[in-house]
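Student: Build the full structure now, drawing on both the sequences and the hints.
Chains as they are written, first to last, in this note's numbering: chain U, 1 to 201; chain E, 202 to 508; chain S, 509 to 1257.
Treat the hints with caution; some may be incorrect.
As the list claims (entries may be wrong) - Below, a sample of chain S positions facing chain U; criterion: calculated Cβ distance under 8 Å:
#1 Arg555
#2 Leu576
#3 Tyr577
#4 Val1021
#5 Asn1132
#6 Gly1135
#7 Lys1144
#8 Tyr1145
#9 Leu1146
Unchecked claim - If you anchor each label on the Cβ, the simulated ranges turn out as follows:
#10 E:Ala316 with U:Glu133: 43 to 51 Å
#11 U:Gly36 with S:Trp747: 53 to 61 Å
#12 E:Leu250 with U:Gln171: 54 to 62 Å
#13 U:Glu133 with S:Arg1168: 34 to 42 Å
#14 E:Phe426 with S:Arg1168: 19 to 27 Å
#15 S:Asp931 with U:Gly36: 38 to 46 Å
#16 U:Gly36 with S:Thr777: 37 to 45 Å
#17 E:Phe331 with U:Glu133: 28 to 36 Å
#18 U:Gln171 with S:Arg1168: 46 to 54 Å
#19 S:Asn599 with U:Gly36: 51 to 59 Å
Unchecked claim - Only some residues are given here: those of chain U computed to face chain E with a beta carbon under 10 Å:
#20 Phe54
#21 Tyr78
#22 Ala198
#23 Tyr199
In case anyone wonders, no lab produced these hints; they're calculated from the structure. Don't be surprised by glycine CBs; every beta carbon is placed ideally from N, CA and C.
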Amino acid sequence: MSIEMSRMKFYCDDDRCIDCDGCTVACAEAHELPVGVSRRKVVTLNEGVEGKEFSTSVACMHCTDAPCEQVCPVDCFYIREDGIVLHDKDICIGCGYCLYACPFGAPQFPRDGAFGSKGAMDKCTMCAGGPLETNSIEERELYGLNLISEGKVPVCAAMCSTKALIVGDAQDVANIYRTRIAARGKGVQGAPYGWSTAYGK
Amino acid sequence: MKHILLLCLTVLSGFASAVAGKVPLASHDIVPKNGGDLLVSSQMVENILDYQKYGDLFTYLQAHYFRAIFLGILIGVFIVFLLHYLIVGAKSFSHSGKKVLVYSIFKRVIHWTAALAFVVIIPTGLIMVFGKELGGGTFVLYARELHAIFTVVFIVSIFPMLLFWFVDMLPTWYDIKWVFMAGGYLSKKVTEVPAGKFNAGQKMWFWVATLGGMVMIMTGAAMYFQSFDFGIASSLGLTQIDLLRAAAIVHNIFAFAVLALFITHLYMSLFAIKGSLDSMVSGYKSEDELKYMHSVFYKKLKKEGKI
Amino acid sequence: MANTWGYGAMTNSLNDIQNAKSIIIFGANPAVNHPVGFRHFLMAKERNNAQLIVVDPRYTRTAAKADLYAQIRPGTDIPFMYGMLNIIFKNGWEDKKFINDRVYGVEDIRVEAAKWTPEKVADITGVSVEKLMQITRVHAKSTPGTLIWAMGLTQHTIGSSNTRMAPILQLCLGNMGVEGGGCNILRGHDNVQGATDMCCLSHTLPGYYGLSAGSWKYFAKSWGVDYEWLAGRFKDKKWMSAKGFTLSRWWSGVLGGKAGEDKITNAGTNVKALVCMGNGLTSIAQQAKVKEALDELELLVIADPFMNEGAILTDKKDGIYILPAASQFETSGSVTATNRSAQWRSQVIEPLYESKTDQDIMFALAKGLGFYEQFTKGMLIKENKKTFKFPEDATDEIARIIKTIGLTGWTAARLKKHQANWDKFDTISLRGYGPMKGEYYGLPWPCWTESHSGSPVLYNIHRSVKEGGMGFRNRFGLEHDGQNLLAGKGSAPKNSANKDGYPEITAKNIESVLGIKLTASEKKRIGKNWKVDTSNIIAEKCMERGIAPYGNAKARAKVWTFPDAIPIHREPLHSPRADLAKVYPTYKDKPNHYRVDTQYISKQTEKNWSKEFPINLITGRLVNMNGAGVETRSSKYLAHLSPEMFCDINPGLAANHGIRNGDMMWVHSPEGTKIKVKAKFSYSVSEDRVFLPMHFAGHFQGEDLSHKYPENTLPYAVGESANTVTNYGYDIVTQIPETKGGLCRIEKA
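Tutor: Structure (structure tokens):
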């Protein structure tokens, strides 16, 4: 697996996710986010309904053909070769279009503009920082940690209690996913929840 | 259309419950974890599968059509009127006869306030639409802030305007005739044109500016506040994010109409009739102009003996 | 549990759960309380095709991952398990050989189980006949099966019966002493197991030695302290062996003797001062009483890194001392995990500002009270030193003295080696490799000698004692009612010199049981029995001969010293089924129960509680909060996840009271207290019960106490404490509060 071929993906195994919010808090702590901004959120559906309840962790999926990038009026997004979708907060005007375009609700808007209007958009960077100089103080303050540049795993997946949340090269992630499905011997599931929306067929 | 009407109605009624600030009884939705933010709740995951409803539509329209249409309108409408000015030219009327007071001081003040609002709102809106070409960043950001601030100015002026010109602007049967004549603007000749105090063209602009303007206010406010909960979304059977997407689409589409008719109004009131700008400053229109351009209104005034 | 087979700790480990084929959970919620440990459960499901069965009053996050779920009425676990045994015995699914060789008293269990038909169980527990049969069949036929529990089983008036019933079930199925089986109690906090082992409790000396004169003398000798001097610290020698107050009723010690309060037996005086080190005062039931007691105290000392909200609850204006204690990062030492493994922790930072470590606070206190020398002498004995190094010498002191649970092998040096090599252990079996070969991770106790490997699976006779094998403990005598209590023939641990059952090893029987001869010098040095053998000769000899020092006996299903010899069902003090409370009444009132005359039947029959308080009250935990909660509510991100106290309520039940999602509601308790909380709709609770998380404090009966917090100590989230409305009710043996089985009344605020 060479660097050129790698394409980073997120995968949250809803058979393992127990809604512990470790990922949410790890992300918030690592990037020192303001309290209202949750780059990653865990959502539980059908709570209390036997056999139907499930939990999943949602953040930016770094989609192929990212819709956020398509709709941005100021074109502040840029997509890395490995598929990680990032944006420039200095160009962003906080209009909210990316949020409307996003199937996963990833873009967050802190209310720190004039008269409490939305400030520049913030979202999961897959711990890959931003357009500023890698590992500089400015990058850290505006975008958070840049772990990808150090070859480390994003904190959310690193922290996941049950290793429901996995991130990495698409091939590796798909292999893990397939192994688990085979071990469970259950059903024929085409792809993890939300993958077709994010990464296309 | 139904969605838009419902939107208007429920906002007005929804304000009451807004003050109470209670969380709505959505079917699967328990009190959302993240401090009541409707965008972060079990709706979020349901929205992923529901993306086809408005998410796909919004992305497609915004990515491929909106900018092109805005550009088309800007250029197209401008060229149409440029050609008109060059080919047909302006109409002028004698100002030696009597003058009739048609706009009171209050109406003029309100009109100019609204005009000020439009003059800031529309260009700033266009700056945002073409933000990419303008480099984004601080410049476009300030445009966005101004766009929002001057909405307040707009609100203050547009509601009185709706009220005091409501009756005069109601459509009449002779408006159809006016439309077929294109208001007489296609010929250099000055002939009597069937119109009341306001002609069909003015009426169209009025309704787009007031009712359409209110739709703009509400959809714009929805996008501005983003995370609010007045029971609107649930009463329309939409999730919050779909409400925002619908608001964005409606806002843009109405903007087409507002932009087109605004340029038209500018041309009509600044260039097409000589001295019409004066009318909105002094409040008076010449008898001559009224006789030809607002013939029905003129006949009525004559009958009442005001002339 | 200790009364069933000798030790009262988790018998296997979290890692071992991956070997199970059936995992049945009673009243525990590991997805919330042990999220990382829960990975083992999930991997068991994935890799081992294990069936996960959850029996819980509400549909928790753990239940969401279960293959089978039973929504049981709180406090009816004994009928449920008897129902299971009824089906098991009827179908002959029990492990007859195991029972014959290693269990005493099953005949009485059979008689009782026969009464509990599935239909009767359905009526009492609310679990359908089909569900019961399904669960029983799966658990009985998928072996090895492990049984998990936590507070859901223990926090009842019959908690001590519940925790015997579960072992009996596992014993009958032959699931004990095998990998993938066992009774696995999940301890709830970091190092609770260690605290339990050191017996920070009022009824025993450290290491479960009890309070007999013999035990006191052993400790006196081991600490190098004069026994008479120790006795002189008590008002009267008889108080040396008297159990003290428990954590759940300390406040009775303060209020005893007042009108309406339970009487106390406390040498004619009341408790006047309280020193509270790292304990959530607001996590105890009956907060209104706790407040009264705090107000009455003459002296209250609190030592904690965060603001202990007991100091906020009280209206006391003077005589409160708040000492800043250092956190675990500012000190080092060993901690014991729920599976009995020890881990060494290193200091990463010096105590911040003026905070002091717990040990320094205690040393200062000892100095002030005048017994510092006696307090610390024990640490100097092993190497005959003049000054001690803390915590290494304290760890070695523990290893030197505590033999009951075999801590002899837990020297500081060995534990530190495990810390340095913690990557060299298998994650399922805990076996070490490379430099850690021959040891299990953390040397799970009993670790009989300084070279012993540790015992990851208790009561496992398929391994030699040297490798952690052992039978059940001989703790209850050699015979009862004419029946032999020692293990059956041939059921000794592998490679044992003695192949049958044998008693616990004493100086008198060591030669005959082990088949050895002692030298004269050994005979002189050897201790009276394996528990007080300072010479370690007994343990060493036992290891050589493959003998477990504590004997090889049968586990007992009958505990003849308990109020109920075999577990029987008794309704909670405040039962929603008044009809059943008549058929299955609670115990007689117990005088001088840890010094407090504790009510049982008089409380249950005081009135028909269910008429006025028809809703079952369940308390439990949230994943982002810990214990009394002030530490986690002071973390902005954690607090943001659950910023307000709430009550999980079924929408149907809420509708009956006109309560909408997000409305404020009152929860009233039979004690006369009430709390105002926000209603949160949830289908995880049925219409006859509500759920309250236990982590909040800072409000009291509708009043906001935020203004009482000292400057800069107010947490980001405050709210009502669930324990303001938890009911009166205490276990008959341990006095643990019945927080999992109470009643309440709700109304819209």
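Student: It remains to establish, for every hint, whether it holds in the given structure.
Tutor: Comparing the hints with the structure gives:
1. Arg555: holds (6 Å)
2. Leu576: violated (10 Å)
3. Tyr577: holds (6 Å)
4. Val1021: violated (47 Å)
5. Asn1132: holds (6 Å)
6. Gly1135: violated (17 Å)
7. Lys1144: It holds, given that the least Cβ distance between Lys1144 (chain S) and chain U is near 5 Å, below 8 Å.
8. Tyr1145: holds (4 Å)
9. Leu1146: holds (6 Å)
10. E:Ala316 with U:Glu133: 43 to 51 Å: For Glu133 (chain U) against Ala316 (chain E), whose Cβ atoms are near 47 Å apart, the range 43 to 51 Å holds.
11. U:Gly36 with S:Trp747: 53 to 61 Å: holds (57 Å)
12. E:Leu250 with U:Gln171: 54 to 62 Å: violated (26 Å)
13. U:Glu133 with S:Arg1168: 34 to 42 Å: Once the Cβ atoms are compared, 52 Å apart, the range 34 to 42 Å for Arg1168 (chain S) and Glu133 (chain U) is violated.
14. E:Phe426 with S:Arg1168: 19 to 27 Å: Since Phe426 (chain E) and Arg1168 (chain S) have Cβ atoms about 24 Å apart, the given range 19 to 27 Å holds.
15. S:Asp931 with U:Gly36: 38 to 46 Å: At 39 Å between Cβs, range holds.
16. U:Gly36 with S:Thr777: 37 to 45 Å: Taking Cβ atoms as reference, Gly36 (chain U) and Thr777 (chain S) lie about 54 Å apart, which means the hint is violated.
17. E:Phe331 with U:Glu133: 28 to 36 Å: holds (30 Å)
18. U:Gln171 with S:Arg1168: 46 to 54 Å: holds (50 Å)
19. S:Asn599 with U:Gly36: 51 to 59 Å: With Cβ atoms ~58 Å apart, the hint holds.
20. Phe54: Where the cut-off is 10 Å and the nearest Cβ of chain E is about 9 Å from Phe54 (chain U), the hint holds.
21. Tyr78: This hint is violated: Tyr78 (chain U) lies away from chain E, its Cβ roughly 12 Å from the closest one there, beyond 10 Å.
22. Ala198: Interface hint status for Ala198 (chain U): holds (9 Å vs cutoff 10 Å).
23. Tyr199: With a closest approach of 13 Å, the Tyr199 (chain U) hint is violated.
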